[in-house]
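Using the sequences and the hints given, assemble the complete structure.
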Amino acid sequence: KAGVTQTPRYLIKTRGQQVTLSCSPISGHRSVSWYQQTPGQGLQFLFEYFSETQRNKGNFPGRFSGRQFSNSRSEMNVSTLELGDSALYLCASSLPGRSAPGELFFGEGSRLTVL
Amino acid sequence: DAKTTQPTSMDCAEGRAANLPCNHSTISGNEYVYWYRQIHSQGPQYIIHGLKNNETNEMASLIITEDRKSSTLILPHATLRDTAVYYCIVKSGGSNYKLTFGKGTLLTVNP
Numbered sequence: 001k002a003g004v005t006q007t008p009r010y011l012i013k014t015r016g017q018q019v020t021l022s023c024s025p026i027s028g029h030r031s032v033s034w035y036q037q038t039p040g041q042g043l044q045f046l047f048e049y050f051s052e053t054q055r056n057k058g059n060f061p062g063r064f065s066g067r068q069f070s071n072s073r074s075e076m077n078v079s080t081l082e083l084g085d086s087a088l089y090l091c092a093s094s095l096p097g098r099s100a101p102g103e104l105f106f107g108e109g110s111r112l113t114v115l
Numbered sequence: 001d002a003k004t005t006q007p008t009s010m011d012c013a014e015g016r017a018a019n020l021p022c023n024h025s026t027i028s029g030n031e032y033v034y035w036y037r038q039i040h041s042q043g044p045q046y047i048i049h050g051l052k053n054n055e056t057n058e059m060a061s062l063i064i065t066e067d068r069k070s071s072t073l074i075l076p077h078a079t080l081r082d083t084a085v086y087y088c089i090v091k092s093g094g095s096n097y098k099l100t101f102g103k104g105t106l107l108t109v110n111p
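Top line first, the protein sequences correspond to chains H and L.
If you're matching positions, the first sequence starts at 1 in our numbering and goes up one per residue.
If you're matching positions, the second sequence starts at 1 in our numbering and goes up one per residue.
No incorrect hints appear here.
In silico BS3-like links for lysine-lysine, alpha-carbon gap of 30 angstroms or less: (1) LYS57/H <-> LYS69/L; (2) LYS13/H <-> LYS98/L; (3) LYS57/H <-> LYS3/L; (4) LYS57/H <-> LYS98/L; (5) LYS13/H <-> LYS103/L.
Worth flagging that the hints you see were computed from the coordinates, not collected in a lab.
What follows is the structure, given as structure tokens:
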């Protein structure tokens, strides 16, 4: 069974640009969450989607947005990039009703560097 | 979700049991204890979770004290590949899938 797939794995952008990251969850998983990991702040929750609807949102500015498609694939977008947005962005999927609420399956992440 | 406290780092000899403690003194009755680990530059990996009873799976055992204020993750025979940051997380049930990660414990397994 394929795991959570995130693309691209690495990318470099400059300040002011925008970026879109993609996440394909495990087949059958309908919940997709996004996390940001930085050395200073650790792992922080961005948002969670279920059935194309955002169910939970963390404390990030509106520059961070996401969406989920009918096939459960998800994308997150960061606009007007800042140096502090350099981070590892992790996607996790889960199967509500079959998995415990805290049992998430993470991808390998997309490492974003903002210059 | 209740806050957790873990030691910053621990060492363990290869082949020996690794016992990772976690304090969660403000845990409430409907909150579960979850353990994840993150090997360098990889995504976190779910290990195990429990509510009241001790739990065991192919990766580890979870021992929760009777008052539920603390727990211990046990890796019975640590290997070098178990070197990672281990996170203890407390969260409630329901449809909220948000996890709050702390700083975790860096476990170093030495040869």
